[in-house]
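Trainee: Letter by letter, the chains look like this.
2 protein chains.
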Amino acid sequence: MPQPAPSPRTRARRLHDKATYDRAVIDAILDAMPVAHVGHIVDGFPVVTPTLQWREGDRIYWHGSSASRMQKRASGAQVCLTVTLLDGMVLARSGLEHSVNYRSVMVFGEADLVEGAEAKEAHLRRMMEQMFPGRWEALRPITAQELKATRILSLPLSEASAKISAGPPSDPPEDRPWPVWAGVIPIRLTVGEPEPASDLAPGLLTPEHARDYRIR
Amino acid sequence: MPQPAPSPRTRARRLHDKATYDRAVIDAILDAMPVAHVGHIVDGFPVVTPTLQWREGDRIYWHGSSASRMQKRASGAQVCLTVTLLDGMVLARSGLEHSVNYRSVMVFGEADLVEGAEAKEAHLRRMMEQMFPGRWEALRPITAQELKATRILSLPLSEASAKISAGPPSDPPEDRPWPVWAGVIPIRLTVGEPEPASDLAPGLLTPEHARDYRIR
Chain G
84 MPQPAPSPRT RARRLHDKAT YDRAVIDAIL DAMPVAHVGH IVDGFPVVTP TLQWREGDRI
144 YWHGSSASRM QKRASGAQVC LTVTLLDGMV LARSGLEHSV NYRSVMVFGE ADLVEGAEAK
204 EAHLRRMMEQ MFPGRWEALR PITAQELKAT RILSLPLSEA SAKISAGPPS DPPEDRPWPV
264 WAGVIPIRLT VGEPEPASDL APGLLTPEHA RDYRIR
Chain B
84 MPQPAPSPRT RARRLHDKAT YDRAVIDAIL DAMPVAHVGH IVDGFPVVTP TLQWREGDRI
144 YWHGSSASRM QKRASGAQVC LTVTLLDGMV LARSGLEHSV NYRSVMVFGE ADLVEGAEAK
204 EAHLRRMMEQ MFPGRWEALR PITAQELKAT RILSLPLSEA SAKISAGPPS DPPEDRPWPV
264 WAGVIPIRLT VGEPEPASDL APGLLTPEHA RDYRIR
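One line per chain: the protein sequences are G and B, in this order. Add 83 to a position in the first sequence, counting from 1, and you land on the number used in this note's numbering. Add 83 to a position in the second sequence, counting from 1, and you land on the number used in this note's numbering.
In short, the hints are calculated from the structure, not lab data. Where hints are given, some of them may not hold.
No distinction is drawn between identical chains; accordingly, a pair holds when it is met within one copy or between any pair of copies.
Unchecked claim - Straight-line alpha carbon distances no greater than 30 angstroms define the calculated BS3-like cross-link-like pairs of lysine-lysine that follow:
hint, residue 1, residue 2
1, Lys-231, Lys-246
2, Lys-101, Lys-246
3, Lys-101, Lys-203
4, Lys-101, Lys-231
5, Lys-231, Lys-203
As the structure is a prediction and not an experimental result, all values here were calculated from the model.
With the hints as constraints, model all of the structure from the sequences given.
Mentor: Shown next, in the form of structure tokens:
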């Protein structure tokens, strides 16, 4: 697992940004949270689009329709892909020290387009298998037309950084006796009971891959 | 409440993007989720940064340190601010029909810097009061130096759009009898029990504004 070196873009500019380039930390955040926000430049303006991401080794992948504006522009273009988990609200004794506990990864680079039906199918299969093990084989098989309609983009993790903010408020000593409650309100993504479609084929039970799905 | 008109940037390009320009829908999503991803252009490259946002009437606000790279660049610059709530994973009979239930808002525009200590304090107070009613008055009062160190930016909601994807999978009729489970795995942000700081001043109980904090 190659460790990315800080680039001018990933290097944290402020001490308390708590940035790390540790790939184990970066990978854990990417693997925990499927939603990314992809930033690209369209006609000179920044555009930030939510999308699903998945990791395969040293690269991060996302996909969409060949018809979508975001997908068309992103190939070969510079993008910034950011993944964030909100872990809590931090209530301090002063307004300035209020903050948020979070885990976040930013990946910069030039997006590569995955070419070829076979390669595309292999990536989609891996995406599905990571999220819902065993599901791909049970699905109605993907068609050549569907593969054609799908664009898959990827970025290497060579220019990636993670930031983590955790723990209680860090008021300076002189503020700590102030008579106001301080602490953390924890927040997490929770997964509910799977809701079967109303028109399921008869005899289908909720599979393990749906029952056990979790966001960490 | 003025309704934004679709601009070339906010106009949805694809039918199933389910875009709306209804301000009631836009406002409800912004008010539900405090985390935004702000996209801006730094040295010609897109940069996407997570930040807290709050709404005051027809504008969206965010803030940060005067020292931060993002804050310095964003003033007067074109930005895209995107807020997304992940509501569920949608499992269909084919790979292509798998999708995500979500609510998302994109706001485009030129960021305005809030000038003046008095105006800054008024906005910070409103942010705090929206999230934690009654808390601002109880805090150690903000200082002139702290206000100086805080930059607040804002965007009008005149160029904003919302997208909502909800409900069960939408497999075409010919796929529905396929013998694979289909349905929705609901996901939501849940708020846990407030965790008091270990060095609280004596006699402080967890206030209502911490106990009742929710993300909708």
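Trainee: Confirm or reject each hint.
Mentor: Tested hints:
In this homomeric assembly, Lys-231 and Lys-246 come within 30 angstroms of each other (Cα to Cα) only across copies, at 25 angstroms, whereas the closest approach inside a single copy is 37 angstroms. Taking CA atoms no more than 30 angstroms apart as the test, Lys-101 paired with Lys-246 passes inside one copy only; the shortest distance there is 6 angstroms, against 33 angstroms between copies. Taking CA atoms no more than 30 angstroms apart as the test, Lys-101 paired with Lys-203 passes between copies only; the shortest distance there is 27 angstroms, against 36 angstroms inside one copy. Taking identical chains as interchangeable, the C-alpha atoms of Lys-101 and Lys-231 lie at most 30 angstroms apart only when they sit on different chains, with a minimum of 23 angstroms there against 42 angstroms within one chain.
Taking the shortest Cα distances, Lys-231 and Lys-203 sit within 30 angstroms of each other inside one copy (9 angstroms), while across copies they are farther apart (52 angstroms).
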